[in-house]
Amino acid sequence: MDFELNQEQRMWQNTVHDFCDQHIRPYAAEFDEKAEPMKMTFRKMGALGLLALNIPEEFGGAGMDAVSAAIAIDELGYADGGTALSIAAHNGLGCAPISMFGSQMQKEEWLPGLSSGESGLGALALTEPGAGSDLVRGLSTRAELDGDSWVINGSKAWITNASLAPVIITLCRTDPEAGTAGFSLILVPSGTPGLHIHPSEKKMGVRSSPTHALTFENVRVPAANVLGEAGQGLYQTLQILDGGRISIGALSLGIARAALDEAIRYAKERELFGKQLADLQATRFKLADCQVEIDAAQLLVYRAAWLKEEGKPFTREAAIAKLYATEMAERVCREAIQILGSYGYSREYPVERMYRDARLMTIGEGTSEVQRMVIAKRVISG
Amino acid sequence: MKIIVCVKQVPDSAAAMSVEDGKISWGDAPLVINPWDEYAVEAALRLTEAQGGDVIALSLGDENAKEAIKHALAMGCSEAILVNDPAMAGADTQAVARVLAAAIQKIGGADIVVFGKQAIDSDVGATPSMVARLLGWPAVTLVSEIVECTQSEIKASRAMEEGRQQVAAELPVVLSIVKDYGEPRYPSFMGIRKAARASVPEWTVADTGIDLPSAVVTWPNVMAPPEREVTNEIIEGSNPEEIAAKLADKIMEEKVL
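Note that the protein sequences, when read in sequence, are chains G and V.
First residue of the first sequence: 0, per numbering that gives the first Met the number 0; consecutive thereafter.
First residue of the second sequence: 0, per numbering that gives the first Met the number 0; consecutive thereafter.
Careful, some of the hints might be misleading.
To be verified - Below, computed lysine to aspartate or glutamate pairings styled on EDC-like, alpha-carbon distance capped at 20 Å:
1. 43/G with 41/V
2. 178/V with 17/G
3. 43/G with 11/V
Hints in this document: simulated from the structure, not taken from any laboratory.
The following block holds chain G by itself, in its conformation from the complex (with noise of 0.2 Å):
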């Protein structure tokens, strides 16, 4: 067993870091408050190959291991939740389907700018208004074969990028008789007429990532912009969603690792009864917790990051890696809003924006009780 970084992932964590430092950390409370995307840094990222996490190289991609695209949205994370959130679903849910299904013809079209940044980032569309959790019973948004067309109408909720994006992978039903073999991801571009999308969500937090509502009526695509075969859609949107996972438990990390370091910044800066907050039993013991608790989400995320680049299965690991990391964030959060009192309750610290981006990411991409249900299932059947 070997539990260190390669060199490659160690410099590939600096680059990252220095990069996240200098062009998202100094703006995250700005973009919070604006709840605006920073579309400046894309470009940006697509330089360093941040766009690129899980694009093979023929496409302008980086050809990257699970374990550094996580070290990534790690570093994001500790940056900003909600640049992180936003490149996280561009990599993980706007780009992963069409490196996995795509057509030659299909990658060709949007992969390159998508990777460099230059068309805008990702997206990836299941969620409607009556369908989230239970996509298989609830999912309406229908897409049927007129000639050599696909006609979509309905609507989709909570769609992470959708205002950023040159395509979006929709989920749709293109059998209502087949069941789980009923559905089709199909992409539609941006521009195609029939295709509103809503105002940006008011959200609590990850406000720096757009997110919005969609409705189609009448839209019309080509046949041929179905992602490989019709009819396989649930099982696809499945497999994008185990790496998803991933990429969500490592982005509380990177939230978790930001707070913790605040709280022990201010820990060692502010005195009281006479000694500093960070020779006190009771802030003592509250970092040691948080500090194991992150190291464990760690274990967990890189885990499952390694299972999956192994080509082993890994679909038990990434839901406890998800379960365990997003709810320890939200308590690592807690604990640091603690330490720091009222001043972690004031916008004037980062830690009370840190709790809010946090709070998300036990819902966003398979709520905690959906883990639960994916590993109870495991667990069960031994």
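Add chain V to chain G, keeping to what the hints say.
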């Protein structure tokens, strides 16, 4: 065009420096590529992007210098050479310049040698000029902009305290680069992968074809500067005008102005 960029490994600028038993220590702070050298690498890469050609990173140092070299490779240098000789530990600037000049001659065929303005550890800033002198090439230091570069001539703008100076020099030439040149690029993941897998040849001083140069400067004693006594005084007043007036009086009283 063949460009050699010289890079050095230095303690991180955030490291706390101290003096222990007459030797400078930075504890266990990480070593990084000299920040000025990143600008030099950037300048070298931009020149070859415009002109075609290769950039070779050259460093004199021990095993630790490999990190600086890997950084330069990850930014886009095509190859790298490390001159690693324990006899050079603690060498002075002229000894370093002699070894670098010999290594540059051994590599051969360079049109331009690029340095950062200075290294942040010793802050001497004389190496580029010394290397140029030893090679018999012109030295264009403190370059903030390369106005034009052909196969035979370079026109550059120098950032000096007095203002800007435009100079032209024939190739081959030695340049030193300042911050105004432009932000160095971040290594890409692809660059990092290439750098991590690259093998870096190591030379001793003897391999460069010269005898071990002896130091002409020695440091009989090294001490930390005495700590300055600083006192803070908060000037209070009922309105900004009153505070400003009191501050002005105070400044005059202390003979700061």
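Results of checking the hints against the structure:
1. 43/G with 41/V: holds (16 Å)
2. 178/V with 17/G: holds (18 Å)
3. 43/G with 11/V: Roughly 24 Å separates the two Cα atoms, so the pair is violated.
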